[in-house]
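Q: Take the given structure of chain S and dock chain L to it, following the hints.
Here the protein sequences line up with chains S and L, keeping their order.
Taken in order, the first sequence gives residues 1 to 412; the numbers are from this note's numbering.
Taken in order, the second sequence gives residues 413 to 704; the numbers are from this note's numbering.
These aren't lab readings, by the way, just hints derived from the structure by calculation.
Please read these numbers as outputs of a predicted model, since none were measured by experiment.
One or more of the hints may lead you astray.
[To be verified] Partner residues aside, some chain S positions facing chain L, computed with beta carbon under 7 Å:
| hint | residue |
| --- | --- |
| 1 | A74 |
| 2 | G99 |
| 3 | D233 |
| 4 | I237 |
| 5 | R242 |
| 6 | E382 |
| 7 | F386 |
| 8 | K387 |
[What the hints assert, rightly or not] Here are the simulated distance ranges between beta carbons:
| hint | chain 1 | residue 1 | chain 2 | residue 2 | range |
| --- | --- | --- | --- | --- | --- |
| 9 | L | F523 | S | N176 | 46 to 56 Å |
| 10 | S | D344 | L | E559 | 13 to 23 Å |
| 11 | S | E404 | L | L437 | 32 to 42 Å |
| 12 | L | G459 | S | D50 | 33 to 43 Å |
| 13 | L | S466 | S | E320 | 20 to 30 Å |
| 14 | S | R159 | L | E559 | 24 to 34 Å |
| 15 | L | P621 | S | D268 | 52 to 62 Å |
| 16 | L | V486 | S | A148 | 50 to 60 Å |
| 17 | L | F517 | S | A148 | 49 to 59 Å |
| 18 | S | A304 | L | I535 | 38 to 48 Å |
| 19 | S | G81 | L | D475 | 26 to 36 Å |
| 20 | S | E320 | L | F523 | 47 to 57 Å |
[Stated by the list, open to error] Here are the computed lysine-lysine pairs in the DSSO-like style, where the Cα-Cα straight-line distance is at most 27 Å:
| hint | chain 1 | residue 1 | chain 2 | residue 2 |
| --- | --- | --- | --- | --- |
| 21 | S | K72 | L | K624 |
| 22 | S | K388 | L | K637 |
| 23 | L | K650 | S | K387 |
C-beta atoms are modelled at their ideal positions from N, C-alpha and C, and glycine is treated no differently.
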Amino acid sequence: MMKSRLLLLIMIGLMGAGCSQQAGGPQQLTWWQFWTSPDVRPVVTRMAADFEAKAAAKVQLGDLTWADGHEKIAIGLAASGGPDVIELGSDWVAEFAAGGRLLDLTPYLGGLRDSLLMWEPAEFAGGTYAVPWMLGTRVLFCNKSLLAQAGYPPEFVPRTWPELLDAARKVDALGNDIFGFASNSAERHRLYKKFLPFFWSAGGEVFGVDQASTQFSSSAGLRSLEFYLQLSDAGLIETQARLEEYFVAGKVGFVISGEWLVRRLRQDRPALQWEVAAMPADTVTGVGVSFVGGEYLVVNTQSANPALAMALLRHLTLPENDGKFAAATGSFTPVNRYSPLPLDSALAPVAAVFQQQLKVSRATPVHPDWVAVEEILERGLEQAIFKKLSAAEALAMIDRECGEVLQRRYGR
Amino acid sequence: MAGNSRSFRRTDLLFLSPWLATLLLFWLFPIIASFAVSLTDYQLLSGNFAYVGSENFRRLFADDVFLRAILNTVVFTVGTLPVTTACAILLALFLNANLPARRFFQSVYFFPSVVSLVVVALIFSSLYARGGYIQMLGELAGLSAPEHGFLFSQMTALPAIMAMDIWMSSGYYMLLFLAALQSIPRELYDAAALEGASWWQRFRIVTLPHLKPMLLFVVILNTIKSFQIFVEVFVMTKGGPLNSTMTIVYFVYEEGLHKFNIGYGAAAANLLFALIALIAWLELKLIRERTV
Numbered sequence: 001m002m003k004s005r006l007l008l009l010i011m012i013g014l015m016g017a018g019c020s021q022q023a024g025g026p027q028q029l030t031w032w033q034f035w036t037s038p039d040v041r042p043v044v045t046r047m048a049a050d051f052e053a054k055a056a057a058k059v060q061l062g063d064l065t066w067a068d069g070h071e072k073i074a075i076g077l078a079a080s081g082g083p084d085v086i087e088l089g090s091d092w093v094a095e096f097a098a099g100g101r102l103l104d105l106t107p108y109l110g111g112l113r114d115s116l117l118m119w120e121p122a123e124f125a126g127g128t129y130a131v132p133w134m135l136g137t138r139v140l141f142c143n144k145s146l147l148a149q150a151g152y153p154p155e156f157v158p159r160t161w162p163e164l165l166d167a168a169r170k171v172d173a174l175g176n177d178i179f180g181f182a183s184n185s186a187e188r189h190r191l192y193k194k195f196l197p198f199f200w201s202a203g204g205e206v207f208g209v210d211q212a213s214t215q216f217s218s219s220a221g222l223r224s225l226e227f228y229l230q231l232s233d234a235g236l237i238e239t240q241a242r243l244e245e246y247f248v249a250g251k252v253g254f255v256i257s258g259e260w261l262v263r264r265l266r267q268d269r270p271a272l273q274w275e276v277a278a279m280p281a282d283t284v285t286g287v288g289v290s291f292v293g294g295e296y297l298v299v300n301t302q303s304a305n306p307a308l309a310m311a312l313l314r315h316l317t318l319p320e321n322d323g324k325f326a327a328a329t330g331s332f333t334p335v336n337r338y339s340p341l342p343l344d345s346a347l348a349p350v351a352a353v354f355q356q357q358l359k360v361s362r363a364t365p366v367h368p369d370w371v372a373v374e375e376i377l378e379r380g381l382e383q384a385i386f387k388k389l390s391a392a393e394a395l396a397m398i399d400r401e402c403g404e405v406l407q408r409r410y411g412r
Numbered sequence: 413m414a415g416n417s418r419s420f421r422r423t424d425l426l427f428l429s430p431w432l433a434t435l436l437l438f439w440l441f442p443i444i445a446s447f448a449v450s451l452t453d454y455q456l457l458s459g460n461f462a463y464v465g466s467e468n469f470r471r472l473f474a475d476d477v478f479l480r481a482i483l484n485t486v487v488f489t490v491g492t493l494p495v496t497t498a499c500a501i502l503l504a505l506f507l508n509a510n511l512p513a514r515r516f517f518q519s520v521y522f523f524p525s526v527v528s529l530v531v532v533a534l535i536f537s538s539l540y541a542r543g544g545y546i547q548m549l550g551e552l553a554g555l556s557a558p559e560h561g562f563l564f565s566q567m568t569a570l571p572a573i574m575a576m577d578i579w580m581s582s583g584y585y586m587l588l589f590l591a592a593l594q595s596i597p598r599e600l601y602d603a604a605a606l607e608g609a610s611w612w613q614r615f616r617i618v619t620l621p622h623l624k625p626m627l628l629f630v631v632i633l634n635t636i637k638s639f640q641i642f643v644e645v646f647v648m649t650k651g652g653p654l655n656s657t658m659t660i661v662y663f664v665y666e667e668g669l670h671k672f673n674i675g676y677g678a679a680a681a682n683l684l685f686a687l688i689a690l691i692a693w694l695e696l697k698l699i700r701e702r703t704v
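If we strip away everything but chain S, and leave its shape as in the complex, we get (with noise of 0.2 Å):
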């Protein structure tokens, strides 16, 4: 009895010890971040431990992966506690800030806000609260031998619709296995990034002023997805990997994509003749916008030293890190603007047209309930390509239903 008593005495003795030890040492902070490629953890990794050098703190980094990435972190938010520092999706910060589970960080930026670009999807109800960390906007590749066999001269690319819709077509017809047009279709949380530059191009606005409406049925609306309509008809729908896939083994004419796509080609097909152009301009407005997406860094509301917190998102931003980031990636379009970029000849004028696309790129709508209306989108998308309702009625139907979720919201 005594000896049990004496062990257990002892045990208590060494989590106190343990538990000292703790408090005594470095502060801690957790990161949960998306990047597990090989080409881009390392310096993911080298960049925390250079923190940890110069803060004398420990960072613990937990990975993400963008198929299941969301729920943990909303479900790791929702618990108690939680990660430090996030990297979240554009799209997501209105979502989690609107929860109330983000750190309004405007007290901490400071001079952060000149030199960073993209600030729109980190601002929601006046407050800021994310830092960007990566943008990558998309541009149009295409294919030059495919389009030299449909009759095109060498340094033809597509600049407005009719010239796309036109060159899909001719392409499209050169073959049974080969395609114009590579057109996402029933894959969710993609088919929005395709529709809405066509949308944005012809002048459309998703929201209405009051944000308790969105505005898809308009005259923007229905030009854009009767393009759109158009150049599935001529073409492959697939999923957004499997027509980048088509795209680098050949077979398909046009694809939008991002920078990804670039050094994918380069490893993986280095003797297929593509180029990129930026996004085409519609007739009626003359302009081609684009999507823009990018990676942005929160902090959590329970974090227990956001001042930490912050000092990591300053040092992963800082042009030296950003720069090492941002070539690790293959982006061409670092978030600080004063990013050192050293790019080889080759890939000089890819990175111009990116950089230039960048300057007409939109993100998605800053809104809580953007998730919803995404989904409603993608679902009248859906019905109007695979032709269960004519571009007018999907776009009918998306905002009505869009109309009753937001109007949920705002209480009418």
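A: For chain L alone, coordinates are given in the frame of chain S:
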């Protein structure tokens, strides 16, 4: 004696306590909590909730997507269960015969069930794609493929997932049936042969009655598994096109973990629980009655 009995019970409880704790914490508590949450409009991120009674359940029965999810799940179960079971029995019978390279075939048929479901789903997505091997084989046989591949057609997306599931599951159930077949006494077959019974008569009179307990187990297990289909849908179609592959568990996932409507998602999960329990009970009753 009474003291011994009491001490015995306490020891029992002590040894059972890890299991009991697991049962209470990870089984009983989630079931009760899930039912309690289904009576609220609980939102995961805001943490706000109000008691709404049976409102979530009423909404579910008026929700076209949920009704479609029930229909798809039932079609999936009804479509895969008999085929998987029949394939598994046939494969087990084939492997139970004294054939050369029996072990090799056993491994080959069992292999799909040990491969990660995500990996299988990704491979099949390629096979089903436009220009994929399945389309090529179909064309060789003179069959036309859907315009945008099997997973992008409302007509073929669910059957394509069902076919993959049958291919993947048959080997596992085959092994169970093989174990049952090998426990049948050889003498019964010898006696039947002496009486001049044909192969079919031997199967009907000797094999099938001995397989029934395993058949019951496989049918119930497969039904529960089929009603819980999720990974295939998540990887291959995300419930599309036009909800043609939306299943109940995927619906629960979309509502609960994507839209954060935890109360509504929990109501759907509770209905799924009730549905599975009801069907398993019916199957148990039906097969037991037939066995008796």
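Q: All hints, please: hold or fail.
A: Tested hints:
{"no.": "1", "hint": "A74", "in the structure": "holds (6 Å)"}
{"no.": "2", "hint": "G99", "in the structure": "holds (3 Å)"}
{"no.": "3", "hint": "D233", "in the structure": "violated (10 Å)"}
{"no.": "4", "hint": "I237", "in the structure": "holds (4 Å)"}
{"no.": "5", "hint": "R242", "in the structure": "holds (6 Å)"}
{"no.": "6", "hint": "E382", "in the structure": "holds (6 Å)"}
{"no.": "7", "hint": "F386", "in the structure": "holds (6 Å)"}
{"no.": "8", "hint": "K387", "in the structure": "violated (10 Å)"}
{"no.": "9", "hint": "F523(L) <-> N176(S): 46 to 56 Å", "in the structure": "violated (34 Å)"}
{"no.": "10", "hint": "D344(S) <-> E559(L): 13 to 23 Å", "in the structure": "violated (41 Å)"}
{"no.": "11", "hint": "E404(S) <-> L437(L): 32 to 42 Å", "in the structure": "holds (40 Å)"}
{"no.": "12", "hint": "G459(L) <-> D50(S): 33 to 43 Å", "in the structure": "holds (37 Å)"}
{"no.": "13", "hint": "S466(L) <-> E320(S): 20 to 30 Å", "in the structure": "violated (59 Å)"}
{"no.": "14", "hint": "R159(S) <-> E559(L): 24 to 34 Å", "in the structure": "holds (30 Å)"}
{"no.": "15", "hint": "P621(L) <-> D268(S): 52 to 62 Å", "in the structure": "holds (58 Å)"}
{"no.": "16", "hint": "V486(L) <-> A148(S): 50 to 60 Å", "in the structure": "holds (52 Å)"}
{"no.": "17", "hint": "F517(L) <-> A148(S): 49 to 59 Å", "in the structure": "holds (51 Å)"}
{"no.": "18", "hint": "A304(S) <-> I535(L): 38 to 48 Å", "in the structure": "holds (45 Å)"}
{"no.": "19", "hint": "G81(S) <-> D475(L): 26 to 36 Å", "in the structure": "holds (34 Å)"}
{"no.": "20", "hint": "E320(S) <-> F523(L): 47 to 57 Å", "in the structure": "holds (50 Å)"}
{"no.": "21", "hint": "K72(S) <-> K624(L)", "in the structure": "violated (43 Å)"}
{"no.": "22", "hint": "K388(S) <-> K637(L)", "in the structure": "violated (32 Å)"}
{"no.": "23", "hint": "K650(L) <-> K387(S)", "in the structure": "holds (20 Å)"}
Checked against the numbered hints given earlier, this structure breaks hints 3, 8, 9, 10, 13, 21, 22; the rest are met.
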